[in-house]
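Engineer: The listed protein sequences derive, respectively, from chains A and B.
Going letter by letter, the first sequence gives residues 1 to 193 in the numbering used here.
Going letter by letter, the second sequence gives residues 1001 to 1193 in the numbering used here.
Fair warning: there could be bad hints in the mix.
The calculated lysine-lysine pairs, modelled on DSS-like cross-linking and capped at a C-alpha distance of 27 Å, are [as the list claims (entries may be wrong)]:
id, chain 1, residue 1, chain 2, residue 2
1, B, K1044, A, K191
2, A, K44, B, K1057
3, A, K131, A, K75
4, B, K1098, A, K131
5, B, K1169, B, K1184
6, A, K98, B, K1079
7, A, K79, A, K131
No lab work stands behind these hints: they were computed from the structure.
Number of protein chains: 2
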Amino acid sequence: MMNFKELVKANRSCRRFDNNHPLSPQILGDLVDLARHTASAANKQPLKYMVSSNPEKNDQIFSCLGWAAYLTDWKGPEKSEQPTGYIVVLGDKSVADKFFCDHGIAAQTMLLGARAQGLGGCMFAAINIKKLKGFLDIEDHLEVKLVIALGKPVETAQIDDVGENGDIKYWRDKDQIHHVPKRKLTDLILKSW
Amino acid sequence: MMNFKELVKANRSCRRFDNNHPLSPQILGDLVDLARHTASAANKQPLKYMVSSNPEKNDQIFSCLGWAAYLTDWKGPEKSEQPTGYIVVLGDKSVADKFFCDHGIAAQTMLLGARAQGLGGCMFAAINIKKLKGFLDIEDHLEVKLVIALGKPVETAQIDDVGENGDIKYWRDKDQIHHVPKRKLTDLILKSW
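Kindly generate the complete structure, drawing on both the sequences and the hints.
Structural biologist: Below, the structure written as structure tokens:
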């Protein structure tokens, strides 16, 4: 396996996939099992999951997601490049009334785990919640926190430094490479003792 | 390096450290550089960081943290087992008004990166914010999201299945092994298609 820093750098949000590369309940379950082993605020573990690698269910979930807001001329991947699996991350309000950043901890762990096996994915918070709750029959005590789209990547992403103008919007070049401007380390560390 | 699943399982919250094992600004900066390469909601990257590997500053930060609420007869590590470094995760309100789960994504990535090099740590949200802001001179546009305590672990932690009674409180046995009950995978995956 690549070393951990290489894994983190390789783990770019991916929005175009090989729709002919199927996932399985087992692969998705193994990713949730990674999340199961992560820290949770006061160890309450209020997160629950629904997973899909089924083409018909995937189509329903796909239709609930808002894709890449900064790419205004792109409404999302065409059928041949759509994700082949989803993990819906839910906060169970019968377990805890606040979820803190548990879903960030869990989602990042699952995406790193996907990338470590050559898969890729993207977290979505821009979700048509009402529609998704209908399609998946999500009960009222479950709050939709994130949807993670997964599959075999067919997209190349590259990190650039944020330029002089400070613009952080990602963009695609003429070769369809996805560029993601990231702030410099010296701009992130305000004080060091 | 161990494989990714082993890394995630090994990455238990650690609350006792070898206080004679120093960290450095470089080590802490490298961890922040990992966080720099992670996903951020709408790529806004509103998180900023303050880091300390300085013993006097560490003492100040230590005094602001609430340790292991479930271990009611333990007020935190004695001096010889205190952390030797801290990363304070801040949300810059001049960049974004909401931070979503960005701090969870960043913190988990830094803790996995620490564990991959034989270090360990713990996320704290139970913080005396007012005191910490005074000690570190944190400006008002910065919201304290988390403090991550770091060092060389001298504690063994073990994951158990949550028992019949559903109790999720972590506990220490007579050999000072820290036990963390985690829910079973079958209790986390509500539906699978």
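Engineer: Would you mind marking each hint as holding or not holding in the structure?
Structural biologist: The hints, checked one at a time:
1. B:K1044 to A:K191: holds (21 Å)
2. A:K44 to B:K1057: violated (31 Å)
3. A:K131 to A:K75: holds (18 Å)
4. B:K1098 to A:K131: holds (24 Å)
5. B:K1169 to B:K1184: holds (15 Å)
6. A:K98 to B:K1079: violated (33 Å)
7. A:K79 to A:K131: holds (20 Å)
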